[in-house]
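Trainee: If you want the building blocks of each chain, they are given just below.
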Amino acid sequence: MEQLAEELQEQLDCATVFYIGPYGIKESIVVTWIIMAFIALVCFLMTRKLEPDPTKVSKRQLIVETAVDGLRNLVHGIVGEEAKEYGPYLMAVVLYLGISNIIGLVGFKPPTKDLNVTAGLALMSIILIQYAGIHKKGVKGWLHSFIEPVGIMLPFNLLELVIKPVSLCMRLFGNVLGAFVIMELIKAILPVGLPIPFSMYFDIFDGLIQAYVFIFLTGLYIKEAVE
Amino acid sequence: MLSLDPVNLICIIINILVLFFLVKIFLFKPIDKMMAAREELLKKQFDEAEATRQKADELKAAYQASLDKAQEESEEIIAKAKTKAQKEYDSIIKSADEDASKLIEKAQEKIAAEKAETMRNMKSEIAVMVMGATAKIMEQSFDKEKNQQFYDEFLAEAGEESV
Amino acid sequence: MIGTIIAIGAGIAVLTGLGAGIGIGIATGKATEAVARQPEASGKITTLLLLGSALAEATAIYGFVVALMIIIMLK
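Chains as they are written, first to last, in my numbering: chain A, 13 to 239; chain B, 1047 to 1209; chain C, 447 to 521.
Treat the hints with caution; some may be incorrect.
The calculated EDC-like cross-link candidates involving lysine to aspartate or glutamate, where the alpha carbons are at most 16 Å apart (straight line), are [stated by the list, open to error]:
no., chain 1, residue 1, chain 2, residue 2
1, A, Lys121, A, Asp65
2, A, Lys199, A, Glu19
3, B, Lys1070, A, Glu93
4, B, Lys1182, B, Asp1198
5, B, Lys1075, A, Glu77
6, A, Lys148, A, Asp81
7, A, Lys149, A, Glu94
8, C, Lys521, A, Glu22
9, B, Lys1161, B, Glu1151
10, A, Lys235, A, Glu93
11, B, Lys1079, A, Asp81
12, B, Lys1070, A, Glu22
13, A, Lys121, A, Glu22
14, B, Lys1106, B, Glu1096
15, B, Lys1090, A, Asp65
16, A, Lys68, B, Glu1151
17, A, Lys121, A, Asp25
18, A, Lys121, A, Glu236
19, A, Lys96, B, Asp1078
20, B, Lys1075, A, Asp81
21, B, Lys1079, A, Glu77
22, B, Lys1070, A, Glu97
23, B, Lys1075, A, Glu19
24, A, Lys149, A, Glu160
25, A, Lys148, A, Glu63
26, C, Lys521, A, Glu93
27, C, Lys490, C, Glu479
28, A, Lys149, A, Glu236
29, B, Lys1075, A, Glu97
30, B, Lys1182, B, Glu1151
31, B, Lys1089, A, Asp65
32, A, Lys61, B, Glu1151
33, B, Lys1079, A, Glu63
34, A, Lys148, A, Glu172
35, B, Lys1079, A, Glu160
Since the hints were made in silico from the structure, they are not lab data.
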């Protein structure tokens, strides 16, 4: 039992891979680089020599068109027509989160298991939400939105500014971490066979759902901000 | 695990921004470009089809017009022919009528002439017969019975002749 | 002794799972009713149910994170 706790503790810690001067770069950053390179490479290979004539498209182009169409429908269904320009960011995030949540299957440590990653994403989300509000309503309108519907709501609205990113960050982090811990416990009970169905749920299904939930909430907040 | 490290946080933010631009450059830009090209292509095709359709419409209209014209012309021709035929028919009937009446007239004239000649012949014959009779009467004026007989004879003869 | 108290605290924190369980249960029940009433809308209802469940689950996850924090920070 003591051994299991030790091992779990070790697994949960995000190792520092190397140092740039005095600053340690963690494993999650390196895995993120790998994911970025993978996404960029796949995008680059898939979008070479696109044929505009719809009667002459190749299979590869059909796949990439379907995927992009699906992503666009997904994101535009969340943010609506008014905030369409924030769609590409959400699509990039959902691609990154989707891949990083299921990357545990191929042996990497999911970057989303590191609080820094989810915190960074949540920070960017809240900045984007406020930017969307300022961009749409102007600084005055944005400031005014804090005392809506009545002035007494000001502290709660200010509190929301903190709660929103914390909740986004913790939800994603906790889900991935929880799934990881439960998977480790199952593996400790029986390493063969038993983890497969659970891995299906915790690694693939839950990972993708959480990626969707993250951009869903971000998109919802953006939509709320531009209304 | 549960500690926030500012360096890593900044690294992640930079990473996400870089990823966003990578996705934008490598995925959305070519796709949008292709979509725009496709739209243009489709628009061009649509325009071409529209032009072809318009041309076809024009052709059809012209064809219809010429067809209508031909129809009118043929109708005109038929009407003309009809009137001409009617005229001819009328003239033929008229001339036939005239001919017939002429013929009848001629026939009547002929009949009248024949009649007149017959009359004349009869008159001369009667005169000859009267002369003959007179001569006979002169020969047998005494015999009353014979006279009567002769008279009857003459009458029979004359009747036969005149009929 | 202190370890026992920490463990009890962590256990209490994880009790938040109760709320998530009740919430997901209610959501699923309502979703079933909705599908029974309108079977043709089952696709949309399923999506909404998954989303709602994922959001409700977050409560349990917060409890879990807090429990972990208690264990790790106070050890």
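Trainee: Against the structure shown, which of the earlier numbered hints fail to hold, in ascending order?
Mentor: Structure breaks hints 1, 3, 6, 12, 16, 18, 23, 25, 26, 30, 32, 34 and 35.
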